[in-house]
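Trainee: What follows is each chain in one-letter form.
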Amino acid sequence: MSVSSSSHHSDHSYILNSPGAMASRQRSSLRGTSSLSPVAPDQQYLSISVTDPVKLGMGVQAYISYRVTTKTNMEDYRGVEKMVIRRYSDFAWLHERLSEKYKGIFIPPLPEKSAVEKFRFSAEFIEVRRRALDVFLHRIASHPQLRFSEDLRNFLQADEEIWAMERARSQEGTLFKKKPSDFMQIFKDVQSKVSDVVLGKEKPLEESNPDYEKLKHYILELEEHLGESQKQAFRVVKRHRELGQALSEFGRAVKSLGDCEGGSLGKAFSGLGGRSEFLSYKLQNQAQDLLMNFEEPLKEYMRTVQSIKVVMGDRAQAFRQQQELSEATKLKEINLEKLRLVRPDRVAEAEIELREMRVQCDEATRRFEEIVKRMQKELVRFQEDKTHDLGLAFHDFAEGQAQLANDTADAWRTLLPDLESWSQVAENNGI
Amino acid sequence: MMNFEGGDSMESVNLDPGQQAYDYRSALSGTSLSGETHPLALSQEDFSLKEAHDPYVNSEEKSSIRNTGVDIAVEPPSYADAIFTPYMGGSGSLQELGGSSRSLYSSNGSVEFITITVNHPQKEQENGSSLVPGANTFFTYLIITQTNMPEYGGTDFTVRRRFRDVVALADRLAEAFRGYFIPPRPDKSIVESQVMHKLEFIEQRRLSLEKYLGRLANHPVLRKSEELRIFLQSQGKLPLTPSIDMASRMLDGAAQLPRQLFGESSVMIPQEASQPAKGGRDLVRLFKEMKQSFTNDWGSAKPLVVEEDKEFLEKKEKLQDLEHELNEASQQAELLVKAQQEDGEVVGELGLALIKLAKFEIEEATQSAQKVHALDLKRIATAAVKASRFYREANAHVQDHLHEYLGMMQAVHAAFYDRSNALLTLQTLLSDLSSMNNRVEKLSAASSKVFGGDKSRNRKIEELKESIKVTTEACELSQKEYDQIKERNRAEFNRFESERQRDFFYMLKGFIHTQVGYAEKIAHVWKKVADEANESPNKALDLPISGSVAIS
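Line by line, the protein sequences give chains A and B.
Residue numbering for the first sequence follows the numbering used here, starting at 1 and increasing by one per position.
Residue numbering for the second sequence follows the numbering used here, starting at 1001 and increasing by one per position.
Since the hints were derived computationally from the structure, they do not count as laboratory data.
Over 12 Å on every C-beta distance to chain B, these chain A residues come out as not near it, computed from the model:
1. V54
2. W163
3. N209
4. L336
5. E353
6. L354
Partner residues aside, some chain A positions facing chain B, computed with beta carbon under 7 Å:
7. H225
8. R239
9. L243
10. A253
11. V254
12. L257
13. W412
14. L415
Even glycine gets a Cβ: it sits at the ideal position worked out from N, Cα and C.
Please model the complete structure; the sequences and the hints are all you need to start from.
Mentor: This is the structure:
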């Protein structure tokens, strides 16, 4: 079955993704089994996991490598199971390739680059990143179009040396690619530029589509709300940890007091201290849980909104290209008519140029319309995913808090009968 | 109608234009028991008004208010009150309306009680005030006592006192009851009185006075003291001589010094032996005792009497350890409370942010599933806000009680200090005695070598013998004093021990009950919302976002 559904001719000629090239490469590698036979659509699966982060390298050069394991029965994949080692920059490469090839689709976001934390590489940071990368691949695998990407296949399957070659060549490819199709400025800093474009700050060549306008505003406002929520969620995680710390210290001090007192009262204090320490432990767990299952999803959707904005930028760019080419075509047509009257010798040339321009214009139109169509579908998908995922996260949050409160109540409550009996003993001892 | 008996000091209540003392105007008029006065004071007043005007109320009824130890009422805010009442513990003790209610069994087995309330702070002015308005103003507090103790010869008393009077009471008690664990009085708080808002400060002071008097009333010996009774009963100016301020003390001491130095009365009057050396007045004595204390620490010869009581030394060390631990625990308790507050706050803020998100999504929802989830979110967020309020209220009152006990440690230190002072006095006297005896010996020996007697030496010997007699008497009294203090220390140890046990258990139970209560409330809030979310129809629209994905 065909590889990627989008076909940018310009891309294909420089990148090794045309079907023929792919097949030949596969044959030449001779490693592993030959590609799988076709499977019925409803029986296909593609399961990817990112595990076992390992710190490699020294000092400034240090980086983390991850194990990427793929299980699949999709054709064009060599074998049912495959494991490779990849690092963050490899994921970034994949992300960029997909962004280039699948305009209009919300490419699943990557975790932040974070130059600073990288140096510290705390266990938590590594785990959070691993999970985000896992989610990243998972989302790609579940996307109806992206899952068929060749780049994805390469990413998942290529052994080390071939992978290195792949990346080198694609670097070249992208260099070349940029020139011809790009007589517009490249968005260096996608985020801010995209916002401008989305808000229509750049000049006149803008879609005037009221529904789309509404959508743009929705996305921007959603971004704000998600951002605020995520910020607060992070603060809760932090305070939970601090409270856990305080409970632990308090427990320790009270236990010490209990040791000093001795007797029944000492036991009571020790009991109090012990419960305190137990609750501290519970609270730290809850904080961890909140971080992973509440704050991270919120962050992830923030990033997804960013990728939506990128698509919006692409759409605006495509629109403008189309408009400009359209203008240029019209001009050429007018020119041609003029030439027919004035300079018949130039007509043939002009006709050829016009034809080429028309082709490009059609191409631009097609590209734009594809983006629009894709966006429609993507938005529906986005809403469904968001509703489900965040709903789950919020629900877990409530459950977690309930559980914590229950544990707290239980822990204290169980102390009461002991407390009663100890105080009785103290009374009876005539103290 | 409140009985505002009192002397001249009650006359003028000057309300400076610049100050907001509106509350006190209504307090003075006495007729309006409006809510302008402190809300807590109002309820106390209601309570004490009733009693004050009904002297025939059977005082025995009040014995139902049993003593359950130091006043450690857990005072939740009224909001929490409406939700549930925290544990009050003890045997049927009421929620204290304020005031300090103490009951103890007297020696003949009947229940004694004494209740002291402090309220109605009022601004007054010194008599013969200067031209400058607002100068020489001070606050007085109304102190209402109800008791059935026979020593008081009556059941109800009302006086107005100022803080200075309290200081005087405290000083007198310290002098008269050396060796007892005397509850420390409230601080003078000079800094705070300037920095805090006036009303706040006055209220804080009122509360601390009430607590202090309550602690005095709780002390089996102090409650029967003359000093306390006079303080609570005597109308008009307090007849207790306040402690002499430093200046006059210094003058006094300076005046006595020449006399002491030149030998007119180089000997301690026996009665003084049962008093600690007063700074300024007995400079020589102070010097001597200081010298003795150096000798104790650095000298080669052991003093004639030492602290032998091993039991005492052990207990002392244990109490020191205890104090150290209490300090630690108290500090950590404070930090814990703070952390709990902050944690509660952020949960509330998260709730608010999520409410905004939910509202937004509800408005913009394009599918019904979205709307349903957004409504869920709104409920969850609201729960978060509710829960956050509870988090903040579940204050660990433990911190307060621990603080109070640290205050009590001060009393213990003071009592130990009394003891060591008394010992030092005794040691000094004994050492004096010993040196005087030596001199007599030497003089006698020298004198006997002179033929016909040595008139001047003999005279000296006679003088010394007089001094020795006086000093011996002083020694005896000092020994008595020291022994008495030792005995008091011992008795107080035991009392402290048992009361501490009882108080701490009470406090612990209260704390735990409160925590359990609040935790249950919070759990309930969350559970309710989580269950509601479970029922919402999102199952049907569940996207298979799991590992294996079929092509859609």
